[in-house]
Amino acid sequence: MGNCCNSVVNFFGRQKNTNVRVSLPAVCFVWQIAMIVLFGVFIRYDEESDAHWVEFKQENNITSDIENDFYFRYPSFQDVHVMIFVGFGFLMTFLKRYSFGGVGFNFLIASFGLQWALLMQGWFHSLDPATGKIYIVNWRNAGDFCCAGSLIAYGALLGKVSPVQLMVVTLFGITLFAVEEYIILDLLHCKDAGGSMVIHAFGGYYGLAISWVLYRPNLHQSKRLNGSVYHSDMFAMIGTLFLWMFWPSFNSAITDHGDGQHRAAINTYLALASSVLTTVAISSMSQKRGKLDMVHIQNATLAGGVAMGTAAEFMITPYGSLIVGFCTGIISTFGYLFVTPCLENSLKLQDTCGVHNLHAAPGMLGGFIGAIVAAAASESVYSKEGLINTFDFEGEFANRSPGTQGGFQAAGVCVAIAFGLVGGAIVGFILRFPIWGDPADDNCFDDEVYWEVPEEEETIPPVLEYNNHMIHKHQDM
Amino acid sequence: MGNCCNSVVNFFGRQKNTNVRVSLPAVCFVWQIAMIVLFGVFIRYDEESDAHWVEFKQENNITSDIENDFYFRYPSFQDVHVMIFVGFGFLMTFLKRYSFGGVGFNFLIASFGLQWALLMQGWFHSLDPATGKIYIVNWRNAGDFCCAGSLIAYGALLGKVSPVQLMVVTLFGITLFAVEEYIILDLLHCKDAGGSMVIHAFGGYYGLAISWVLYRPNLHQSKRLNGSVYHSDMFAMIGTLFLWMFWPSFNSAITDHGDGQHRAAINTYLALASSVLTTVAISSMSQKRGKLDMVHIQNATLAGGVAMGTAAEFMITPYGSLIVGFCTGIISTFGYLFVTPCLENSLKLQDTCGVHNLHAAPGMLGGFIGAIVAAAASESVYSKEGLINTFDFEGEFANRSPGTQGGFQAAGVCVAIAFGLVGGAIVGFILRFPIWGDPADDNCFDDEVYWEVPEEEETIPPVLEYNNHMIHKHQDM
Amino acid sequence: MGNCCNSVVNFFGRQKNTNVRVSLPAVCFVWQIAMIVLFGVFIRYDEESDAHWVEFKQENNITSDIENDFYFRYPSFQDVHVMIFVGFGFLMTFLKRYSFGGVGFNFLIASFGLQWALLMQGWFHSLDPATGKIYIVNWRNAGDFCCAGSLIAYGALLGKVSPVQLMVVTLFGITLFAVEEYIILDLLHCKDAGGSMVIHAFGGYYGLAISWVLYRPNLHQSKRLNGSVYHSDMFAMIGTLFLWMFWPSFNSAITDHGDGQHRAAINTYLALASSVLTTVAISSMSQKRGKLDMVHIQNATLAGGVAMGTAAEFMITPYGSLIVGFCTGIISTFGYLFVTPCLENSLKLQDTCGVHNLHAAPGMLGGFIGAIVAAAASESVYSKEGLINTFDFEGEFANRSPGTQGGFQAAGVCVAIAFGLVGGAIVGFILRFPIWGDPADDNCFDDEVYWEVPEEEETIPPVLEYNNHMIHKHQDM
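Protein sequence lines, in the order shown, are assigned to chains U, A and P.
If you read the first sequence in UniProt numbering, its first letter stands for residue 1, the second for the next number, and so on.
If you read the second sequence in UniProt numbering, its first letter stands for residue 1, the second for the next number, and so on.
If you read the third sequence in UniProt numbering, its first letter stands for residue 1, the second for the next number, and so on.
I should point out that these hints are in silico values taken from the structure, not numbers from a laboratory.
Among the hints, a few may not be true.
One copy or two, it doesn't matter: identical chains are merged, so the pair holds either way.
Using 20 Å as the maximum straight-line C-alpha spacing, the simulated SDA-like pairs for lysine to any residue come out as follows [claimed, not checked]:
#: 1; residue 1: K57; residue 2: H257
#: 2; residue 1: K384; residue 2: E394
#: 3; residue 1: K16; residue 2: F433
#: 4; residue 1: K288; residue 2: E396
#: 5; residue 1: K16; residue 2: F429
#: 6; residue 1: K288; residue 2: P25
#: 7; residue 1: K57; residue 2: E67
Note that the structure is a prediction, hence the values are computed from the model and not measured.
Generate coordinates for the entire structure from the input sequences, incorporating the hints supplied.
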């Protein structure tokens with residue numbers, strides 16, 4: 001059938017060359033070898049994962065191995081790991097014939113991305129000038145976190161690009177991420193625990209800009225495959241639920257030990273719960289007879305977690321978290337109902353998974369919510385030490401006031417969006433070169449292009465059953 | 001097809017109004033706003049999640065952030081979170097055309113339920129009389145735990161009620177839960193770590209009583225949809241396995257730090273393993289040629305965890321745990337074979353998921369096992385301090401003997417069952433008002449009623465393949 | 001259809017008796033009762049899970065409950081638990097009509113195996129000679145870990161054996177495992193944190209030897225069912241991803257507290273990421289038009305974790321881990337392309353899941369990598385104390401040099417393989433007795449044999465739809 005399918009395309013003379021037999025292995029091999037070389041030059045164990053830990057412990061009067069950062073971070077890290085590979089991966093399996101590509105290419109680019117992210121983040125954040133080495137990996141920097149932006153961008157491109165293009169999107173995406181994160185977190189000294197700005201707003205707009213440059217005027221020719229079937233919607237729900245459940249770990253994974261991590265988890269937990277109810281409400285209101293739409297349930301329910309990314313570690317109060325979830329559930333569902341069709345028709349922007357509604361808009365919103373909550377911080381609410389702790393008002397930032405912090409937070413949102421839009425436009429133009437093996441407009445959303453797909457599910461069993469019945473009849477005779 | 005389906009019902013004049021376009025959004029919005037208001041009035045961060053933690057640590061001579069309850073509880077909490085949303089959700093996807101409803105409505109009601117549970121439990125357990133506030137959330141009280149009873153009740157009602165009715169079931173279910181839990185744990189001073197009594201016996205009988213009141217004499221008209229298909233059984237196995245794997249976390253989530261949490265996890269782990277073998281044995285014995293029935297594997301294998309809910313933190317011994325699992329695996333499988341059909345035919349009680357066999361009966365049994373093990377406790381086995389610690393024989397209960405404790409434990413089981421039956425009957429009558437949008441008898445177990453269901457899975461690909469073959473033939477000519 | 005299917009087989013006179021209605025329940029009951037008796041005689045709580053913990057803490061000056069091993073181990077243990085039941089279980093659901101058997105029998109044998117493993121391991125490692133008791137369960141010994149070898153063996157036998165045979169495979173597999181593990185870890189004093197040798201090499205060759213003895217010359221008669229369908233490949237990806245994500249926990253679960261556990265997790269994480277890229281590269285190169293093969297993605301991506309099993313806790317360096325993953329990804333994918341067909345044609349060895357390529361070969365390789373890395377260890381890299389700590393150069397082994405350690409590690413690999421091959425051959429011959437209820441050659445890979453399979457998925461909905469259309473037409477008239 002694979003052949004046959006390609007022949008069809010030939011027959012109508014619209015063939016694009018989707019052969020990636022040289023380019024995909026070449027990219028994988030060369031880039032992986034580059035990773036090995038760069039890791040060899042730059043990356044070493046840090047003191048908590050080095051065998052010198054025994055001595056380090058004695059020198060620093062650490063009484064128990066449980067003080068090793070591993071025990072503070074590893075459970076949260078594993079939750080984030082599940083979000084990246086099962087969460088994002090399965091969320092993108094909703095298309096009837098692009099489930100292999102959804103989960104498989106996500107697997108590929110996240111595996112590359114986490115290595116590249118360890119390097120990029122290391123260069124910007126933890127390069128030891130004395131030795132020229134990066135000491136990894138306390139799990140707060142682990143690469144998964146930094147991949148998320150590129151995986152979000154994949155959501156906008158799902159079904160319309162080749163795996164080689166996705167590798168390029170990831171390479172540039174993580175590079176841009178590391179730069180904008182350095183500007184936002186280090187230079188502007190913003191706080192962004194769960195990455196509303198640096199991950200979601202950036203990743204969302206990055207993907208949208210790429211998709212806008214790669215506009216396909218005849219994508220309607222693939223319309224028959226641009227939808228779900230009953231069981232592909234169920235697979236997508238696996239992704240949704242693992243994202244939803246572990247989002248409190250995502251937003252709390254890199255916050256301060258103790259109350260910061262505790263509070264970030266609670267706030268996210270509440271915002272997500274609230275999002276579910278308003279998503280259901282709007283979805284039901286928008287359809288005839290109040291029927292729910294799986295697209296909304298799979299996506300908009302997560303908007304509360306996105307919007308809580310910056311403010312999660314602040315004292316936003318439990319009811320404040322509920323309000324954030326309440327509003328973003330509504331906004332995100334409205335986005336799926338009205339904004340996505342509008343983007344496609346007016347702006348010529350095709351956004352397969354609706355990342356605008358799930359990541360870009362709620363991420364931007366979350367950044368501004370964070371700015372407001374930061375500006376409203378006070379010693380009476382946080383305590384003197386708590387305020388310093390939460391916002392790291394130390395060193396050169398010791399005299400910054402909460403109000404100023406709020407201003408810088410708002411500036412951070414703009415930086416993230418600018419990086420997303422400009423970076424995405426440039427990467428989009430790079431991807432328009434006719435060398436990447438992307439599919440033709442009538443060949444999108446189809447696993448046949450890049451995967452050996454097994455024979456149709458239902459051809460064999462019915463025949464079998466038929467034969468059995470026939471034989472059975474013979475026996476009865 | 002959605003329209004068409006509704007028209008059919010019209011045609012035969014059996015139409016019930018399943019339009020929830022007003023009621024479902026109204027319930028979601030109003031209740032969520034109520035949550036926000038009540039959280040605003042009552043709920044505050046506790047000292048471990050408040051920014052004052054830095055000071056609290058100093059005042060209480062806490063030397064390390066790792067002593068924050070977050071690090072004791074969060075990994076177990078996340079496991080419970082997975083059980084509630086993926087475990088319960090996917091366990092209910094086994095029906096061929098009610099998978100959206102199974103996992104989707106579970107998502108909705110658990111998201112509402114956990115908020116309401118934080119309030120209800122807070123009022124009863126942790127309202128500070130001085131300030132009139134509830135200080136959440138150390139993770140032992142997190143709302144997930146308290147939702148479980150209502151999700152169990154959903155199992156009995158699966159496919160036969162509207163989402164609005166489920167919200168009502170959850171609202172009352174959690175209210176009743178909080179009251180009976182207060183009576184059993186605080187007034188009777190019972191121990192019930194994994195909730196054999198307060199969650200499973202209560203939740204099971206609550207669901208059964210509702211289902212009994214809502215008896216549908218013509219449910220056989222939906223019989224064609226009241227069964228599984230191959231892949232829906234596979235989705236349900238995802239639910240089963242995540243429940244089974246994480247049950248040790250469920251039963252140990254709120255026990256004492258240290259040995260209590262450790263022991264509860266071990267006992268549950270062993271009981272569950274034992275259940276699997278006896279479930280397989282009875283399932284195989286009961287069918288022609290020894291074939292296994294997926295219904296048994298999906299459900300009865302979990303009975304050991306239910307029955308270990310009360311005794312998990314006691315010194316029941318490892319082999320005692322195996323015996324509990326051994327017996328409940330048998331009992332639960334027999335329940336599916338004989339009790340469920342009998343309930344339907346004789347008692348007019350339709351129990352879609354068989355919650356009687358998985359929750360009600362094993363929960364009741366687990367309560368009594370707990371009573372016996374408690375009554376048999378002695379200082380020689382527990383040590384003097386261990387006995388006090390395990391049963392909290394402190395304050396006004398300082399002089400209670402293990403024998404007395406056993407008696408109170410048994411009384412607790414009866415309270416839980418009584419609350420389930422009486423509460424369920426009342427809620428059932430409320431749900432009989434013709435305003436809730438529930439489906440007609442011939443329209444049950446069908447996602448078409450409340451969901452936008454995608455086109456049939458197999459209509460498109462075969463056609464595609466056919467066309468391809470045709471074109472291919474043309475080419476060959 | 002079940003009947004019908006059996007009748008067919010009768011009709012052609014090739015019937016083997018697959019009735020397990022007596023044997024399966026008998027094995028389950030008798031063995032479970034034996035477990036209860038043996039647990040009663042031998043197994044007790046250890047001091048960390050016993051109610052005497054309160055006293056133990058005081059006597060040993062333990063200041064905090066967080067020092068209970070539960071908090072060091074339980075999160076990793078739960079990850080391993082998921083790997084065993086969901087990971088291995090779903091990985092084996094890829095066949096179009098053996099998904100019930102894949103996940104269901106895995107559930108059964110792992111549940112039995114973990115109990116038997118606690119006993120066997122206890123006898124060899126932690127039997128207290130004074131009391132004659134085994135004090136479980138600090139989670140490092142938990143039975144899951146020791147089951148893995150037998151589950152790997154199941155991969156080679158998938159679809160060709162009865163559940164009773166699988167129970168026998170597990171019983172002997174765990175017995176052999178405990179003996180070889182005792183020889184390798186205790187007598188030879190090897191280190192094998194993630195079990196490259198004791199689990200993967202042993203389990204892989206054990207399964208291959210059994211499969212070789214049970215060679216089925218006419219297996220091609222079941223060829224129609226020996227393949228995947230679209231959605232069964234998706235279910236298998238659930239298994240793949242949970243194995244892949246949690247492998248860092250597997251390799252670090254029983255290492256030393258602190259840096260050992262931390263380093264093992266990092267090394268495994270990196271090796272796995274690297275495997276993914278080279279697997280994709282080779283898979284793409286090997287197929288026409290560069291299309292990817294799901295078999296490779298589902299399996300060879302995991303090879304990096306297997307090969308890192310021994311060396312994970314050593315100072316192999318981050319780039320060393322990437323190199324290990326790089327090479328094993330290539331080797332494993334080549335295995336699927338060339339070795340598996342060759343084994344079947346030349347060696348008459350049918351390996352359903354390709355355990356040779358995923359476990360046997362990478363495990364052996366991992367063992368030798370471990371030997372080399374151990375031999376290269378030095379005080380300058382590990383620090384004096386770190387070297388002692390990492391290799392346990394204490395007691396009678398205090399004077400062993402790293403070079404000698406390397407030699408013993410290599411010897412360990414050979415012991416593991418020898419145990420696998422010889423043990424597997426013997427067990428294979430036992431399984432050839434015609435009493436075990438295994439299927440005929442034309443009846444393999446079929447759930448109909450041991451499961452009540454629901455009616456075909458697509459028979460009902462289309463009819464429904466058809467009827468609806470008809471009625472609708474009538475209405476229109």
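Structure-based check of all given hints:
no.: 1; hint: K57 <-> H257; result: both (19 Å within a copy, 12 Å between copies)
no.: 2; hint: K384 <-> E394; result: within (12 Å within a copy, 38 Å between copies)
no.: 3; hint: K16 <-> F433; result: within (12 Å within a copy, 58 Å between copies)
no.: 4; hint: K288 <-> E396; result: neither (58 Å within a copy, 59 Å between copies)
no.: 5; hint: K16 <-> F429; result: within (18 Å within a copy, 56 Å between copies)
no.: 6; hint: K288 <-> P25; result: between (49 Å within a copy, 13 Å between copies)
no.: 7; hint: K57 <-> E67; result: both (9 Å within a copy, 16 Å between copies)
Checked against the numbered hints above, the structure breaks only hint 4 and satisfies the rest.
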